[in-house]
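Q: Residues per chain are reported as follows:
There are 2 protein chains.
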Amino acid sequence: MEQPDPTIHQPVRLKIMAALKPLPAGEALEFVRLKAVVGATEGNLGAHITTLEQAGYVGVEKDFVGKRPRTRVSMTPQGRRAFDAYVGYLQDIIGAAG
Amino acid sequence: MEQPDPTIHQPVRLKIMAALKPLPAGEALEFVRLKAVVGATEGNLGAHITTLEQAGYVGVEKDFVGKRPRTRVSMTPQGRRAFDAYVGYLQDIIGAAG
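Chains A and B, in that order, give the protein sequences.
Under UniProt numbering, the very last position in the first sequence is 98; numbers go up by exactly one each time.
Under UniProt numbering, the very last position in the second sequence is 98; numbers go up by exactly one each time.
What you were told as hints is all true, and nothing was included just to trick you.
Residues from chain B that face chain A, not an exhaustive set, calculated with beta carbons under 10 Å:
1. 4
2. 9
3. 11
4. 21
5. 87
6. 94
Which residues of chain B face chain A? A few of them, derived with a C-beta cut under 8 Å, are:
7. 2
8. 3
9. 39
Far from chain A, by Cβ distances over 10 Å, these chain B residues were calculated:
10. 30
11. 41
12. 56
Hints listed in this document are in silico derivations from the structure and should not be mistaken for laboratory results.
Positions of the beta carbon are idealized from the N, C-alpha and C atoms, including for glycine.
With these hints in hand, go ahead and build the complete structure from the sequences.
A: If you want it as structure tokens, here you go:
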């Protein structure tokens with residue numbers, strides 16, 4: 001791997017993936033919760049989630065709780081593999097830096 | 001720190017800093033050696049070194065060995081502090097991802 005996966009290396013997307021990774025497989029995080037953790041604007045977060053979704057790294061579910069629309073985001077198995085590879089790449093570089 | 005230091009987070013600059021960090025303080029790496037380690041083109045590497053130099057993170061020395069021009073690059077104390085903070089930030093994010 002010559003460079004870190006650009007889909008994950010972008011700072012906001014890195015935070016999104018790091019926030020989703022600890023969740024058990026298939027479990028999702030509500031958009032509003034992710035927004036608080038990542039500290040991005042709604043539009044910015046939405047755009048980066050779409051990028052991750054198009055890459056196959058996250059899944060997005062939209063439903064209603066009563067009358068309130070709800071959006072939940074979860075990491076896909078492919079996303080987990082990509083994030084593990086990304087972390088391994090960074091640890092190689094940073095590890096070598098001692 | 002809300003996001004990783006963009007001066008370091010850029011993939012080529014990250015590799016440059018990681019290559020320089022293990023060197024004893026003040027010791028420098030020749031441009032051609034850095035080029036091999038980082039795997040960037042001469043122009044690309046030169047541009048990123050200039051960015052790091054302008055940020056105060058690296059120092060650049062140019063001299064001659066006989067008739068051959070030589071360029072050497074070393075990390076500044078400020079660069080070491082910035083890189084340590086950058087690594088700490090990433091480890092927090094990646095560490096939290098478990």
